[in-house]
Amino acid sequence: MKLLKFAGLMVAASGLASVAHAADKSPIAMQDIAELSGGGATVGTHWRDGIDLAIRDINKAGGVLGHPLTVVHADTASSAGTARALMLKAIDAKPYVILGPGYSGSVAVTGPMAAKAKIPEIMGGEAEGLTLKGNDYLFRTSFGQQSTMPKVAKFIQDHWKAKSVAVAYVNNDFGKDGKNEVEKDLKALGINVVADLPSEAGQVDFASDVSKIKAAKPDVLFIYDNEEESANMMKELGREGVKIPIMGETTIAGQKVIDLAGKDAEGIYCHVGLTTDADIPAIQKFRKEFVDAYHYVPDHNGMKGWLAVQLVKAVTEKMGKVDQADFAKTLHGMTISAKTDPGILMTVTYSKTGDLSRESFLVHVENGKQKIVQILPPLKN
Amino acid sequence: MANLVNLIITGLATGAIYALVAIGFTLLWQTSQTINFAQGDFVMLPAFFMLPMLHAGVPYWLAILIGVILSMLILGYGYKKLLVDPIRKHGVLPLAIAGMALSIFMQEGVKNYTAEAHVFPALIPNLDFHIFGAVVSAQSIAVVVVALAVVIALQWLLNKTLVGHQMQATAQNSTVARLLGIPVERMVLYTFLINGALVAIASALVSPLIFAKFSTGNIMGMAAFTAAIVGGFNQVRGAIAGGLLLGVVNNIGSAYISAQYRDAIPLLLLILVILFRPQGLMGRAEERTV
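Those protein sequence lines, which keep their order, are chains A and B. When the first sequence is numbered by our numbering, its final residue is 381 and no position is left out of the sequence of numbers. When the second sequence is numbered by our numbering, its final residue is 290 and no position is left out of the sequence of numbers.
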C-alpha cells in the first residue's frame, strides 16, 4: 500500500514538474497596434511584416530564453481614436510588451496608457515630443526629430551653403513638431525659413504651395510630408518646371515615393535613419529574407518592426528572465552591439528617455534608386 | 500676376474634375432623388479597372474606353439595379445610409487588393506652356479641355436630342413625363449610366494627379458634394460652376489666405451660400407642397 502511495506521489510530482516545465516554455505574448489600413497602411503593413519575420526567425532559432514569441496584430485604421481603444483592449490582455503604433499622434495617445499599466511600448513614432514627457515605458525604434533635424540642417548648410529654406510639412502633430525642430536648427546656423508650406493628407492640388515657393525663392526646399504628398509636391514642381535643390528626411527617399514621383525625384538628398540599401551585411541579409518572404522590398518601417522584436529578444536575454517589470529599467542606458546581437542590425544605444542613438545615412536619389553617399556617426545621448 | 494665373489655371483643372463628379450628383438627384454618398469612391474604382489593363500593355485610349464601359455597367447599371431600386422605395435616408455602406465596402475591397498608391499615366506628356508669364503645365490644360468637352457633349445630349429632352422632362416632373408616354424608368437608368461614364472619366483625369489609391474617394466625394451644393443641386450648370469655383477658391485661398485652413475655406464658402442663397449660386428655388 505504501509502495502504491509512493508511486502515486512520484507520478503526481513528475506531472507537476512537466506542467512547470511547460509553463517555463510558455509563449511570450506581444500585442501589435499598427496602421494596417487608412492613410498609414503602407507604414503599418511594412511594420507588421517586419515583426512577423523577426518572430519567425527567432522562434526558428529556439525563441527567447526558450520561450517562443507570439503577437496579435490590431489595426488602428490610422486613427488615434481607434489606437486608444485598441490599447485599452491590449492592456486587458496583459502582453509582455506592446509594439507600435507608427503614427506619432497615435503614440501620443497610447503612450501614457501603456505607462500607467507599466507595459513597455516599443513604437515607430518619430515626433520629438513623444520621449520628452517623462514616460519611462516608451522606446523608439528610430530617431526622434531632435536627433535627425540637426543633421538635416547641418547638411543643408554644408552642401548648399544655403541662406534660406522653404519647409513643406504634413499638417499634423508629427509634421509640425518636425517643422519646429528643423526651423530651430536652421536658425541656429543662420539660415532663414522663408516659406511655410503645410499640406493635408490626401491633398489634391499643390499649385498654391509651388506658387509660394516660387515667390519666396528659397535656396533649398525641405520636404517633410507623408509619402503621397511628398511625391505630389515633387511632381507639381516638375510640372511647373521649378528647379530647386530638395532635402528630405527618411520618407521622400523611400522607394515608393521615388516610384510615385518618377523623374521628379531625381537628385534629391535625404537623411535616412534606416535603409535597406545600406551596404551592411546584416541589413542585406534582413532585406533578402524579407523579400523572399513577402515579395517586396521593405522600407524603414519594415526595419523598425523587425528591430522592435529584436529589441525584445536582446533585452530579455540580457535580463536572463522574462520580467516585464525590469524590462524598461534594463533598456534605459543599454547598448546593444550588432556583433553580439546581429539581429539588431546596427549597434544602438538607448538613453534614459527611450531615445536611441546609432549611425545614420545620407542618401542621394540617382536613376530612380537611393544611393548612400555618407554614413553619419551616432549623436551622443 | 504670373502666380495668380497659374493658380487659376490649375484650380480650374482640379475644379473641372470636381465638376464632372458634381454633375453626377445633380443628375441622380434630379431624376431619382438619389444622393450617392459613395460618389467619391465611384471616382476611385474605375482607376483600378483601367490600371491592370494599362499594366498589361493595353493601349491607353482602349483601357480608358473599357474602363468607362465597365464603370457604366457596374457603377451605373449595377448600382441602380442592386442597390438603388430595392432601397429607394423605403425613402431617401435608407438609400443615403446604404450609399455610405457601399463606400466603406468599396474602399475595403480595393484595400484588400492593394493599399498602396499607384502611378497612373497622364493623358498627355509633361510639357510646359507660358501664359501671361506663368509656366502652366500641359496636363492642367488637357484636364480642363477634356472636362469641358465632356460637359459640352452632355449639354448637347440634354438639350439637343429627344432622349435628352425626355430625361429633362423626367427630371422636372416624372409623373407628367409618364403621362406623356416618356419611358421614365429608362430615362432614370440613362442618368445612372451617364454618371458611371462621368466618374470613370473623372477617375482617368484625377488619378495621374493624386495617384490611384483606395482612399482617393474621400477627398473627391466631399469636394464634389460641396461643389454641387454651392453651384445648385438641381442644375447641371450649377454643378459645373460650383466645381470650377471650388477648385479656384481652394488654390487662391491656400496661397493668399491660409494654407493651414485650406480645407476649411470651401466649407466657409458653402456656409455663405447656404445662408444667403440656399438653392445654390445657379440653382432653382423649389417650392414644396405640403
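Just to be clear, a hint being listed does not mean it is correct.
[Unchecked claim] Computed list of lysine to any residue pairs in SDA-like fashion (alpha-carbon distance at most 25 Å, straight line):
{"#": "1", "chain 1": "A", "residue 1": "256", "chain 2": "A", "residue 2": "217"}
{"#": "2", "chain 1": "A", "residue 1": "369", "chain 2": "B", "residue 2": "208"}
{"#": "3", "chain 1": "A", "residue 1": "369", "chain 2": "B", "residue 2": "55"}
{"#": "4", "chain 1": "A", "residue 1": "214", "chain 2": "B", "residue 2": "256"}
{"#": "5", "chain 1": "A", "residue 1": "369", "chain 2": "B", "residue 2": "115"}
{"#": "6", "chain 1": "A", "residue 1": "256", "chain 2": "B", "residue 2": "49"}
{"#": "7", "chain 1": "A", "residue 1": "214", "chain 2": "B", "residue 2": "126"}
Just so you know, these hints were derived from the structure itself, not from any lab.
Status of the hints after comparison with the structure:
1. Distance check on the hinted pair: residue 256 of chain A and residue 217 of chain A sit about 28 Å apart at the alpha-carbon level, beyond 25 Å; violated.
2. At roughly 22 Å between alpha-carbon atoms, residue 369 of chain A and residue 208 of chain B fall within 25 Å of each other, so this suggested pair holds.
3. For a cut-off of 25 Å, the pair hint linking residue 369 of chain A to residue 55 of chain B stands: about 21 Å separates their Cα positions.
4. At most 25 Å may separate the alpha-carbon atoms for a hinted pair to count; residue 214 of chain A and residue 256 of chain B meet this at roughly 14 Å.
5. Proximity of residue 369 of chain A to residue 115 of chain B is assessed by CA-CA distance (about 22 Å); at most 25 Å being required, the pair is judged to hold.
6. With a CA separation close to 22 Å, the supplied pair residue 256 of chain A and residue 49 of chain B stays within the 25 Å bound.
7. With a CA separation close to 19 Å, the supplied pair residue 214 of chain A and residue 126 of chain B stays within the 25 Å bound.
Of the numbered hints given earlier, the model fails hint 1 alone.
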